[in-house]
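Number of protein chains: 2
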Amino acid sequence: MHAPLLTRSDIEATQRRINQHVHRTPVLRSGTIDGMIGAAVLFKCENLQKVGAFKIRGALNAAACMSPEERRRGLATHSSGNHGQAVALAARLAAVPAFIVMPRSAPRIKRAAVDGYGATVIECGTAIQDRESTMRAVLAEVGAAFIHPYDDERVIAGQATVAMELFEDDEGLDALLAPIGGGGLMSGSCLATRAFSPRTVLYGCEPAGANDAARSLAAGTLLQNAEVSTIADGLRTNLSARTFAILQRHLSDIITVSDAEIIAAMRLIFERLKVVVEPSAAVPFAALMQQRRRFAGKRVGIILSGGNIDLEQPYFTRPPSG
Amino acid sequence: MHAPLLTRSDIEATQRRINQHVHRTPVLRSGTIDGMIGAAVLFKCENLQKVGAFKIRGALNAAACMSPEERRRGLATHSSGNHGQAVALAARLAAVPAFIVMPRSAPRIKRAAVDGYGATVIECGTAIQDRESTMRAVLAEVGAAFIHPYDDERVIAGQATVAMELFEDDEGLDALLAPIGGGGLMSGSCLATRAFSPRTVLYGCEPAGANDAARSLAAGTLLQNAEVSTIADGLRTNLSARTFAILQRHLSDIITVSDAEIIAAMRLIFERLKVVVEPSAAVPFAALMQQRRRFAGKRVGIILSGGNIDLEQPYFTRPPSG
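Chains as they are written, first to last, in numbering that gives the first Met the number 0: chain A, 0 to 321; chain B, 0 to 321.
It is worth saying that the hints were derived from the structure and are not from the lab.
Being a predicted model, the structure only gives us computed values, none of them experimental.
Mixed in with the good hints there might be a few duds.
Over 12 Å on every C-beta distance to chain B, these chain A residues come out as not near it, computed from the model [what the hints assert, rightly or not]:
id, residue
1, N46
2, P102
3, R110
4, Q312
Some but not every residue of chain B turned toward chain A, in silico, with C-beta under 7 Å [what the hints assert, rightly or not]:
id, residue
5, P25
6, V26
7, N46
8, G51
9, L92
10, A93
11, P96
12, K273
13, V275
14, D309
15, L310
So the derived label-pair ranges between C-beta atoms look like this [what the hints assert, rightly or not]:
id, chain 1, residue 1, chain 2, residue 2, range
16, B, P106, A, E311, 42 to 52 Å
17, A, R291, B, A295, 44 to 54 Å
18, A, F145, B, T316, 53 to 63 Å
19, B, D168, A, S8, 24 to 34 Å
20, A, F315, B, G296, 48 to 58 Å
21, A, S228, B, D9, 51 to 61 Å
22, A, G219, B, P106, 31 to 41 Å
Cβ atoms here follow ideal geometry from the backbone N, Cα and C, with glycine treated the same way.
Turn these sequences into a full structure, and let the hints steer you where they fit.
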């Protein structure tokens with residue numbers, strides 16, 4: 000199977016297409032972190048992006064690639080997370096309705112965010128089948144255009160603009176680390192690296208409790224997560240055949256990390272970089288901390304994918320003693 | 000009394016002097032916050048600055064203005080907070096020793112940060128007199144150069160570069176809000192506004208539990224805080240005659256806020272802007288939230304002064320119920 004290749008000009012055209020509606024997110028650094036890791040670490044802050052995550056790039060690009068007729072009856076997706084917010088905002092910017100299928104169990108705060116962008120939320124049960132059958136029913140009824148969270152070339156092209164911007168800001172990266180959930184961001188990062196900085200070595204980063212990508216790459220065939228157990232709620236999904244093919248061709252390695260490593264990395268990012276990251280976004284930095292020897296003296300790019308956390312969750316507070 | 004005026008070229012020269020050692024911090028925005036406030040709100044993120052606060056600018060400028068002979072035996076200050084870290088880093092960059100007098104009661108985390116920059120920490124009692132007598136003893140013994148946290152023109156000039164950069168990035172600000180502790184940042188902001196954007200209206204922002212500036216401006220004479228009670232630990236100090244004179248001449252008004260308003264503002268900054276701020280840094284945004292009518296439809300600059308918090312402090316976690 001051949002991975003669909005995006006050229007430099009494809010990605011540049013994508014960037015121009017979404018440009019006016021996304022933030023050019025800053026690249027942050029910390030002298031203390033560089034010293035701890037023994038490497039130059041550059042953090043591309045997509046947690047500071049609109050909707051608090053890179054997802055807006057892919058959703059916007061998918062919407063912008065549609066004809067007005069195609070998107071006229073609205074945009075739709077199923078997601079309990081950042082992609083739902085992204086599609087809701089993309090629809091608002093295109094002045095069309097949004098229909099977001101969310102499990103009844105979704106956190107109130109995520110539901111409120113989607114509501115806040117003016118989307119119609121359709122509740123469903125928590126099983127994957129419920130989600131899919133509800134989605135099909137909604138699409139049939141309202142005729143909206145479906146935007147998959149990652150198994151879509153337009154979405155992958157949108158996510159590729161993250162790494163492209165990073166390479167524009169810094170030409171000397173030896174390595175790039177990004178998180179893997181369904182593989183949309185990682186695939187986009189692979190294709191952008193191939194196009195703009197082919198000498199940069201690519202590492203995928205995954206929670207140990209949702210390691211379908213690591214196992215799939217080791218086996219040479221697409222495997223699913225049997226059970227999923229990780230604090231990184233954005234990375235619980237499985238690769239698709241499309242994203243697997245891209246990762247198989249371009250990744251040098253996958254590094255898996257424990258939940259304890261994720262929380263330690265989150266904490267350092269809060270304390271030293273002073274930005275809010277969700278657990279999924281701390282996974283690449285957790286991988287770098289774990290494997291610091293491998294990256295000694297290198298110039299390393301890290302994608303901080305999102306910052307949507309529940310502040311009432313006591314990630315760092317000591318359990319009450321006594 | 001005449002305030003010492005910094006000209007455009009004084010502030011530009013200061014910026015060139017410290018440039019290579021400070022971050023050009025980003026200006027962040029949130030569509031949701033703009034919508035809530037009914038204004039365009041631009042956040043200048045000095046919480047993302049080196050040492051996690053604007054303080055490095057003033058300390059670096061003071062050190063850079065000294066002759067090599069003057070600073071040869073080291074830099075010294077008394078501070079349990081961000082200025083201590085700033086002087087420690089400024090000394091390290093100048094390759095001279097640092098002597099930081101800190102009360103024995105200072106949080107371990109702040110002490111560790113100062114240690115981390117290679118400074119010598121000298122402990123003292125918690126009373127102001129202890130601090131001052133210990134400082135005098137240290138200066139007499141080691142012959143280091145003292146850098147006051149705010150009552151120093153070189154320090155004020157350094158802090159002025161924050162607002163200067165903001166005006167460079169955005170020429171259309173109707174108002175600028177900054178926090179007032181000892182008045183160093185606010186004085187620098189006043190002088191930079193006068194020099195670079197004279198039509199911008201200046202507001203000082205202060206916690207109700209340490210409102211010496213509000214009372215001093217109302218009385219037309221310099222008053223001290225009798226007792227201090229606020230979560231904003233960076234703003235508990237009193238103005239000096241020097242900073243009072245500058246504020247009196249340039250401020251349009253002072254807005255005071257409660258600790259509850261400060262925490263609500265901190266929370267919104269975490270949730271929507273995705274950056275970590277300390278309570279003191281949330282004070283201007285708390286003021287803007289309180290007085291949103293006054294700023295309706297305006298273009299408002301907010302200085303986020305620092306991000307050094309103790310993550311184990313449960314600012315946002317619900318008290319355990321039951």
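Practice item. Go through the numbered hints given earlier and state which of them the structure violates, listing their numbers in rising order. Key: 1, 4, 6, 9, 10, 11, 14, 16, 18, 20 and 22
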